[in-house]
Each structure stands twice: as structure tokens, then as C-alpha cells.
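Undergrad: These are the residues of each chain, in order.
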Amino acid sequence: MDRRTFLRAASSLVVVGLAGAAPAQEPDVYRIGAILSMSGATPHYGTVMSRGALVAVDEINAAGGIDGRKLELVIEDHKSGSTQAAVAGMNRLINVVKTPAVLSSFSGPTVAIAPISKEKQVFVLNGGGVSLKMIGVSPYMFHNRSLATDLAAAAVRRAKDRGFKRIAQIAGRSEFGDSVIAASQEVAKKLGMEVVATEQFAADATNIDTQVAKLRAAKPDVVLNWPTTPQAGLVVKRVREIGMEQPIISMEWTNEDTKLAGVASSNGVEVATDYFAPAADNPMGQRFYDEYKKRYGEEPDFYAANYYEAVQVIATLIRRTKAKGGDFWTGARLTEALWEDPAFDSVYGGKMTFQKNGVALKRVAILKVDEGALKLERFLPAQAD
Amino acid sequence: MDYVYHVLVMVCLYAILAISFNVVIGLAGLFALSHAAFYAIGAYTTAILTTQYGVPVLPALVCGIVLTGVIGAIAALPALRIGGHYLVVVTLALQIIVIDVLRNAQGLTGGPDGISGIPRLTLFGQTLSTPGSFLVLAAAVAAFVYLITHMLAFSPFGRALRAMREDELAAQSIGKNVVALKLIAFAFSAASAAIAGSLLAHYITFVSPQSFSIDETILVLAMIILGGTGNLFGAAAGAAILVALPELLKLMALPVGTADLLRNAFYGLMLILILRFRPEGIFPERYRYRLPESAKRAAGVLEVDAWTRPVRGEVTLAGNDLHKNFGGIVAANGVDLELRSGIVTGLIGPNGAGKTTAFNLLTGFLTPTAGRVSMRGLPLADRRPHRIVRSSIARSFQDLRLFKRMTVLENVLTAFPDQLGDRLWNVFLRPFAVRAQDHANMARALEVLDFVGLRDRAEQSADNLSYAEEKLLVIARLLATDAEVLLLDEPLSGLDPTTLDQVLPIVRRLAEQGRTICLIEHNLDVIREVCDVTAYLDGGKVLAFGKPEELMRDPKLVERYIQ
Chain S
1 MDRRTFLRAA SSLVVVGLAG AAPAQEPDVY RIGAILSMSG ATPHYGTVMS RGALVAVDEI
61 NAAGGIDGRK LELVIEDHKS GSTQAAVAGM NRLINVVKTP AVLSSFSGPT VAIAPISKEK
121 QVFVLNGGGV SLKMIGVSPY MFHNRSLATD LAAAAVRRAK DRGFKRIAQI AGRSEFGDSV
181 IAASQEVAKK LGMEVVATEQ FAADATNIDT QVAKLRAAKP DVVLNWPTTP QAGLVVKRVR
241 EIGMEQPIIS MEWTNEDTKL AGVASSNGVE VATDYFAPAA DNPMGQRFYD EYKKRYGEEP
301 DFYAANYYEA VQVIATLIRR TKAKGGDFWT GARLTEALWE DPAFDSVYGG KMTFQKNGVA
361 LKRVAILKVD EGALKLERFL PAQAD
Chain F
1 MDYVYHVLVM VCLYAILAIS FNVVIGLAGL FALSHAAFYA IGAYTTAILT TQYGVPVLPA
61 LVCGIVLTGV IGAIAALPAL RIGGHYLVVV TLALQIIVID VLRNAQGLTG GPDGISGIPR
121 LTLFGQTLST PGSFLVLAAA VAAFVYLITH MLAFSPFGRA LRAMREDELA AQSIGKNVVA
181 LKLIAFAFSA ASAAIAGSLL AHYITFVSPQ SFSIDETILV LAMIILGGTG NLFGAAAGAA
241 ILVALPELLK LMALPVGTAD LLRNAFYGLM LILILRFRPE GIFPERYRYR LPESAKRAAG
301 VLEVDAWTRP VRGEVTLAGN DLHKNFGGIV AANGVDLELR SGIVTGLIGP NGAGKTTAFN
361 LLTGFLTPTA GRVSMRGLPL ADRRPHRIVR SSIARSFQDL RLFKRMTVLE NVLTAFPDQL
421 GDRLWNVFLR PFAVRAQDHA NMARALEVLD FVGLRDRAEQ SADNLSYAEE KLLVIARLLA
481 TDAEVLLLDE PLSGLDPTTL DQVLPIVRRL AEQGRTICLI EHNLDVIREV CDVTAYLDGG
541 KVLAFGKPEE LMRDPKLVER YIQ
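Residue numbers (this note's numbering), protein chains in the order written: chain S, 1 to 385; chain F, 1 to 563.
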């Protein structure tokens, strides 16, 4: 190939690209975009998220769609977190697919598409990323995955339910740790509990003995353990080694933590987290669980559930805006409709409510570590405080 | 439209990355895998300065570029001592370290969450907030990077880089400072990658470690290999193809869920097919470029005799009591050798006698364990080979070490001393002077080639030459260094009698001009014909020195060597 043929071929490719951007049409199908991790290092997330969303799309279509018009899911790949790929996908969804509603995943890609969401008024619903950086970056961006601060609040509520009064908490010294501590203090105050010790350690610390000794000196009823893996395990290990026998509630727990803390020390640690499981009092969750398991032969995790739920939210919003008439299939109208009534049916059971910061408050699971395995203890209702 | 513009912006950014990476990989032949790290440092520097320190965008951009250039030069330090697989490992480590720092230096880099809210660029009062407006800037910058890299690649500096890539020792032997070449190539490449990184930061307004993983380095490497190593247009084309292809593949309707994995498989298949049929890339390196007509017209006959030194027989290069041990092996055991102007000295001796070691000691390729090397009485201790060439001492190699993937003319051209364009700032600041001198040098190179009888091969690649022609080119390259002392390691072995008849007079003529010649040779007929004096080396020292006929009559030598 010489240079000229190459340039000719390249320019014809551009023309093909331009032709893809055809003029707008009235939606005979409601195309919902999704920017997921379909390839790269962690395609598993994209697989379960897209499956969850597809179960919802098919369920809604089987029931007649939205007044006879069907939903369609258009998936773009952010290759396990590439911001460039996410921006390309977002632009393509807006220009070529012409959708005003997009499901996003992973914190980085979600932050990266936020300026476009804001500028083009595109409704974005994220059910995967947890970074605080996604908060307040676009008025059209929402999240139906619990934030760390909400999980912390749930852990405090769990402590209250178990009758504890004196709380000690420990966290890493980071933006994350600071925000979690602030959130739990606020809830504890509201619930009339006393925070007797708050300790923080450097993000990469391996020796936290000073902090743990101070926790012991404060004689708390319960220890709230905010760090993520593997320091969640480290805290449990040192707390038990120093002779404290108080219950511990964590926010994250993995096999690595159990390995670090030891099986015996880990027993009984509670974890306040996102977790999906069907329940008799939750018909929507049961319906989703059955269909998902029938189709894919495996149980859905909370990621799949969140994207099922997200499509349901968007369908509800379309119904609301359509009832009002006008140019209803826009991000601005969907957002407006969300704020008119921010409570939606949750696949976890009950209602979830979008807070002012755009994050939905929903049921949080309390799991218990038992011989290294996590067992569901119970779900905390979304709005106890 | 924004979608197409966005894809084109990414083409421009990746073109900058691929072009700059090609300087290190394609031109300098240094297989480094840390390009995405430089891309990241550029992006993060401007992100941190603008969001945390309120530095205006333009100074932040400049800081990012300069800082990355400096880090690039530091990263080149290992490349000075190691090559090949080791350089790959070391640069891979740098790449991983940088990403680890970005992930863990929470306070500065925001950790895995990255840095958001990076201000957009403003140009002529207009904020570049849309892909369309940003594309104008991205395209202009990509064109600028292409232009300056093109200037570098086709300058004497770029030629020296390629010579180093082809053979590092040979490049040193003709006076190229490979340390400086490597440092500058790395710094230039890193700084250009930082340009792309800074643009990305202000375009997406968000940076996170995810965007700069080793996958990015490999993607850019794939662009170069696909487009053509050493070819800048090829690198840009490779970038265009690898950015646009996945987007075009989205036009294929595929089952949801597996679509992106299938597209990736198809993408991989296409790359394999392209490289199967174009193994050197779509645009192979263009080193066989045409000679300018002006240079051809300007070329006259080499004025060999214009060089003549008046004094004959004075000592020029001398080695006194040179010792060299490699562990327990003694390669030189007190070599004493004095070379004189206008005299052809032959070095003979059995294999392993220390002849080539003597050459390496005299030319700085080996540092003597003990002893002294001097040129006209001035010590040459601790000088690196390229500095020794500047003291007017040049050597050839037994295994020729030609710059194979360069033209015959370029092989000679690279060897001229004191080229303006060997210094990169001259390439950019005095382009016309560099060009004028280079054209004059081309004419001279043609004259040199004419002198050894290779003029009609000038525009051909050096790997197309016959063995005899290669030997002639070695002599031509040595002549081009304009050195006074010429050390030739077996320049005549393996030549047929016709070629010998061609070469021997050249050697004699150089000596007659007053140059100092020393040659290693096994063919005693040749020694007899061309040498004025001969040194017999054995066991790492000079055992006998005298006229060739005298040595050959010595019964002891006849017994040990000649028989």
C-alpha cells in the first residue's frame, strides 16, 4: 500500500463514520446505552451487568414494552476502565445511537463521561462505581449502588440494633477514611450513641498497634472497622491479639482478610455491604433471581441486580415523562421526573430513595463471617434513621 | 459528529505517542517499554499543577513536558549499560513503578480514583470543550510533533541514531557519542509523549492510573510495528488504523454480550493478517532515499593528496607496556607498539595472540589493566572510543560491523567528523546550515566512494553488497573519519586477488600521504607487499619487530607461526 492509497482508504473510513451519524428520528424503540467492562482485564463485570440489564429489558418488552414500544440495550465497552474508551462510547451513544439515557460502570469511566453528561444533558445511572469523585459532577448523574458512607451509616444502625451504646472506629488516613468517619459520627449522634474512640493510620501501615491500644483503652461496646482489604483483616487480627473481645462490624471482607486475621479471629465479624439474595417478601427480587438463574445457570450477584434495577428505574421514568407529553425522551426530562418522586421499587426489596447527592439509599445486607465464609445474617431496611 | 471528532482526537494523540515512541524503538533501536509511563507523567503533572496548585494551563503544560523529558533522560541511564532483554525488563519495571506510585500516592495523585475537574484548554478566548474544537488543536500539535520528529529523523543526528541501532561499537568507532545519543533520544521521546498526556488530561478533564497501564505501551508498540518501525508516517498510520478499526468494527452487528470479545478477536486476526503479508509493517523504513542531484553534481574527485602531512616517520600512536587481564586470562602482557606517520605497520601472530586486544586497547574499546596509550606524546588515558576518534585515531573491525539497514552512502556520510547536525539544537535552530553542510558532505561521501570504487552503489542498502564490496565500504567509512591514524583489523582477509589488487594500492597511497596505518593480517604475501614494518605478537606481547622480510627469515618465528 502506498501512502496515497492509504490516505484515500482512511478518508473513506471517515466518510463511513460520518454516515453512521444519521439524523435524529422519533424513537420507535427506546435505546438505552450502557458503558460496561466488556473486555480487558475484568470482563466478568461487564458480563454480569449486561445480563442483569438484559433480563430487565426482556421482561419489560415481554410485558408490552412502554405502550407498545420496545426497549433496546446498546452496549459500549470501556475495556475494564479506559476513560478514553468510555468517552468514545459515550459520544457514540449520543451521536450515533442517539440515546438520552446511559448506564455506566466503574468509577473512572463514570467520572470521565460526567462532563459530557452535564453538557449534553444525558441521564446517567451508575450501578457499579463507588468513588466519591462521581458525586456532584453532573446534575444528570445518579447512582443505585450504595456509597461507602451509606454502608457506614448502615453499620452504625446495625450496632444500635444490637443494643450497643459506645462505638470505637478505626480507618485509614485518606479521603475515603475521613468521609466514612464523618458519616458514621453523624448517624451515631442522631441515634444517640457515643463515639468513644476514632483512630486513623497511614494508608500503607503494617503496624497499627498504637491505634488498637487506644481503642482498647476507650472500652467500647463495638469496633467499627472501616478499612478495605487487606487492612480490614489486619485490624481484626490485632484487635483480637490485644485481647479485645468486642464485636466487630466491617464494611469489606474478603478471603484475604480471613487469611490475614486467621479463621478463629474472623468468626463472628459482621460485614455491612451490598449483597443480593432473593427473599420471600421480595417478589421483584425473586422474579429477577429466577429468570437470571434459568437463563444463565448461575446466581446473580449484586452487580447484576443493580443493572436490572437501573433499567427498571429508567423504564419507570419514561412512563412518567411520556404521561406528561412533550419532548419526553430527553435526559433533562428523565432527571426532572426522578426528582418529582425519588422513590423506586428496589430489587433488594422495598423502596430505594435517591438522596440529594444522587445516590440511592437502599437495603444493606449484614453478612457474618463463619469459618471463613460469608453468610447472610439479615437485610437492614433502607430508611431506619 | 462529536463521536467522529472524538475518534479523530484520539487518532491525533496516539499518533503523537507512536511517532515519539518510534524515535526510541525504530530509530535508536532501544527496546524500551515505558512509553505509557511518560504519557502518564505528562498527564498527571499538568493535572496536579492545575487542580492543586492553581497553575495556569500553559505553564503547567510546559512543566509537564520538561519534567517528563528529564525523567526520560534518567530512564535512559540503564540503557547506557544494558541492552536487549535487560532493557525491556528495566523499562517495564519503570512502567510498573510509575503506575504503582500513581495508585498509592493518594494525596498527590488521588490514588485509584484519579484526579477530576482538570480545567479545559482555552485558545484565543475560546474554551475547547467539544471534541470538534479540541480536534483542531490536537491535529495541529500532532502535525507539529510529526514535523520536528521528521526533522530529527532525517538529520545527521537521526542518521547517527540509526547507525547506533545498527551497530553500537561501530558508531562509537566513527566518533558518535552513544551516551548522548541515547539520553537525547529518550528525553525527546518522553517529552513528546508528555505532550500527548497533557492534551489528554485537558481533553477528558480526568486522569486515572487505568489510562496509562502497560496495555497502552503495548498498544502504541503495536501501532509502530503495524505501521512500520523506523517510519514516522507508518507510526501515524498505525495509530489511525488501531484507533479507528475498533470503532469501525462496531458497525458489525454481533450478538450482545459477546460482541466486544468477538470484535477483539477479529481485530487481532486482522493485525495478524496484515503482519503476515507486510512483516516490516505497512510502510517499511525508508532509508533508501534518493540522493539530491545537487550533491551528485557537486561531487568531484577525491583530493586524497590534499591531506598530506609533511613529516614522515615520527611516532604518532603508541602503546607502552599495555596489560589486559580478563579474570585469570592474560590477553595483553606488556604490549609495546609505536606507530609512525607515513608507515604501514603489520601485526601478525597466531590466533589468540592478542592482536585485536591490542587494537581495542589502543582505541579505547578496552581500558588497559596497566600501561599507557599516547598520541604524539599526549596520554589518551580513560578516553571513551568516540573521544579517541576525535584525536584522529580510527579503527575498523574484523567482523566489519557495517550499518546494514542504511545506504552505502549513509555509511560513509555518518562517519564524517564535526557535523553540525550531530547536535540536535542545530537541527532545529540552524536547519539551513545543517542542510547545506549535509549536502556538501554528500558530495564528499560520493568522492570517497568513488575513490574505493563504490560510487555506483551509493544509493543501495549496505546489506546488498558483496563481501568484497563490504570490505571496500569499511575502508571508505574509515577514510571519511578523516583520521590520521587508521587501524585496520583484517581488512584484506577473504578477498580475491582482483580485489586485493584494488585495495592494496589504496592502503599504500594513504600511507604515502603521511597517514599512520596499522593492519592485522594473516596473508604474509600481503604483509610483504604492503607493510613497511611488521610486529609479531604472541602470548599477549610483541615478540619481534622489524621489516617483513627480516621477520620471515627468523627461524624461530617460522617454526612457531609461519609453518
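Calculated from the structure, these hints are not laboratory results. C-beta atoms are modelled at their ideal positions from N, C-alpha and C, and glycine is treated no differently. Do not rely on the hints blindly, as some may be mistaken.
[Unchecked claim] Which residues of chain S face chain F? A partial, calculated answer using Cβ under 10 Å:
no.: 1; residue: Met38
no.: 2; residue: Ala41
no.: 3; residue: Pro43
no.: 4; residue: Leu54
no.: 5; residue: Val74
no.: 6; residue: Ala85
no.: 7; residue: Ile94
no.: 8; residue: Gly108
no.: 9; residue: Thr254
no.: 10; residue: Asn255
no.: 11; residue: Ser265
no.: 12; residue: Thr316
no.: 13; residue: Trp339
no.: 14; residue: Glu340
[Unchecked claim] Far from chain F, by Cβ distances over 12 Å, these chain S residues were calculated:
no.: 15; residue: Val57
no.: 16; residue: Arg69
no.: 17; residue: Lys79
no.: 18; residue: Lys120
no.: 19; residue: Asp204
[As the list claims (entries may be wrong)] The calculated DSS-like cross-link candidates involving lysine-lysine, where the alpha carbons are at most 27 Å apart (straight line), are:
no.: 20; chain 1: S; residue 1: Lys118; chain 2: F; residue 2: Lys296
no.: 21; chain 1: S; residue 1: Lys120; chain 2: F; residue 2: Lys250
no.: 22; chain 1: S; residue 1: Lys259; chain 2: S; residue 2: Lys375
Undergrad: All hints, please: hold or fail.
TA: Evaluated hints:
1. Met38: holds (4 Å)
2. Ala41: holds (8 Å)
3. Pro43: holds (7 Å)
4. Leu54: holds (7 Å)
5. Val74: holds (8 Å)
6. Ala85: holds (9 Å)
7. Ile94: holds (7 Å)
8. Gly108: Since chain F brings a Cβ to about 4 Å from glycine 108 of chain S, closer than 10 Å, the hint holds.
9. Thr254: violated (16 Å)
10. Asn255: With a closest approach of 21 Å, the asparagine 255 of chain S hint is violated.
11. Ser265: Status violated, d = 27 Å.
12. Thr316: At 23 Å from the nearest chain F Cβ, threonine 316 of chain S fails the 10 Å test, so the hint is violated.
13. Trp339: violated (24 Å)
14. Glu340: Since chain F brings no Cβ nearer than about 29 Å to glutamate 340 of chain S, farther than 10 Å, the hint is violated.
15. Val57: It is violated; valine 57 of chain S is separated from chain F by about 10 Å at its closest Cβ, not greater than 12 Å.
16. Arg69: Since the minimum Cβ distance to chain F is about 19 Å, arginine 69 of chain S lies beyond 12 Å and the statement holds.
17. Lys79: violated (8 Å)
18. Lys120: violated (8 Å)
19. Asp204: The assertion about aspartate 204 of chain S is violated, with a minimum of 7 Å to chain F.
20. S:Lys118 <-> F:Lys296: Since the Cα atoms of lysine 118 of chain S and lysine 296 of chain F sit roughly 63 Å apart, the hinted pair is violated (cutoff 27 Å).
21. S:Lys120 <-> F:Lys250: holds (23 Å)
22. S:Lys259 <-> S:Lys375: With a Cα-Cα distance of about 17 Å, the restraint between lysine 259 of chain S and lysine 375 of chain S holds, given a limit of 27 Å.
Checked against the numbered hints above, the structure breaks hints 9, 10, 11, 12, 13, 14, 15, 17, 18, 19 and 20 and satisfies the rest.
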